[in-house]
Amino acid sequence: MSQTALQTMERQVEGTRRTVTARADVYERDDEYVVQADLPGVQPDDIDIRYEDGELTLHGRRSACHGECESAPWNRSISSFSRSFRLGEGVASDRIEAEMKHGVLTLHLPKTEAVKPRRIAVRG
Amino acid sequence: MVRAQRDPFAQFFGEANRIQDHFARLLNDSIRTGPAINLWSDEHAFYAETDLPGIDPACLEITVSDGTELKITGERQIEDPQGASWLRQERPRGSFSRSVTLPSLVDADQVEARYENGVLKLTLPKSEAAKPRKIVVKS
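Sequences listed follow chains A and B, in order. The first sequence begins at 1 in our numbering and counts up by one. The second sequence begins at 1 in our numbering and counts up by one.
Since the hints were made in silico from the structure, they are not lab data. Just so you know, nobody snuck in bad clues.
When the alpha-carbon atoms are kept at most 16 angstroms apart in a straight line, the in silico EDC-like pairs for lysine to aspartate or glutamate are as follows: (1) A/Lys101 <-> B/Asp56; (2) A/Lys111 <-> A/Asp53; (3) A/Lys101 <-> B/Asp51; (4) A/Lys101 <-> B/Glu116; (5) B/Lys121 <-> B/Glu61.
Looking at chain A on its own, in the form it has when it is part of the complex (with noise of 0.2 angstroms):
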């Protein structure tokens, strides 16, 4: 492979890996579902999450660069997370949190008052 194909395809490479897929971990509890989501070197400021239709989106925009560095290469580093998950009808929407700590977004998303499992007494 000659070192033109090879910098064409690294371009490439580079050009799709600039938005990835955020990694996640999502569990759930009887009266909530748990998000955290890893979206290192992301403001909290930079963070938009959205709620619609049953469907959380998260997007996150990393900092161009960090002062003295103007010699970095960040053609090659990732510039947004994005990551989508369904949920179902069943959340609050009104009452999702969301908090951020070194570079891990959770968020607690509270379910639905319908949905939360009961226990049903039997009368005898």
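Chain B: place on chain A using the hints.
Using the frame of chain A, we list chain B on its own:
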């Protein structure tokens, strides 16, 4: 006409290594090579950045040995939540290690490390002996 090359095998292996590195990067082979690292330099220092989200900075160990061997080791602990069931589990956990050989000597005592928003940022000042020098030609 085939032009004679100084060392065709060195060139071939150089190319093979580049291709191998390339595919390792494509596959995001973090298990074998450790977390991906961005490394660049200017005339004063080398700069390294690596994405390490959700780590306790106190658990990170960064060493520079022989002036050129940079090694980053650490562990990401993710507790299993109580009374919950997993729907998806993608985030890597456990210990990791990444080593990089720097192209020239650095001043190991002056290395600075910062951990910001889940990104480890290292500044490794070049050793005086390794800095470029302008040589004046005596007439």
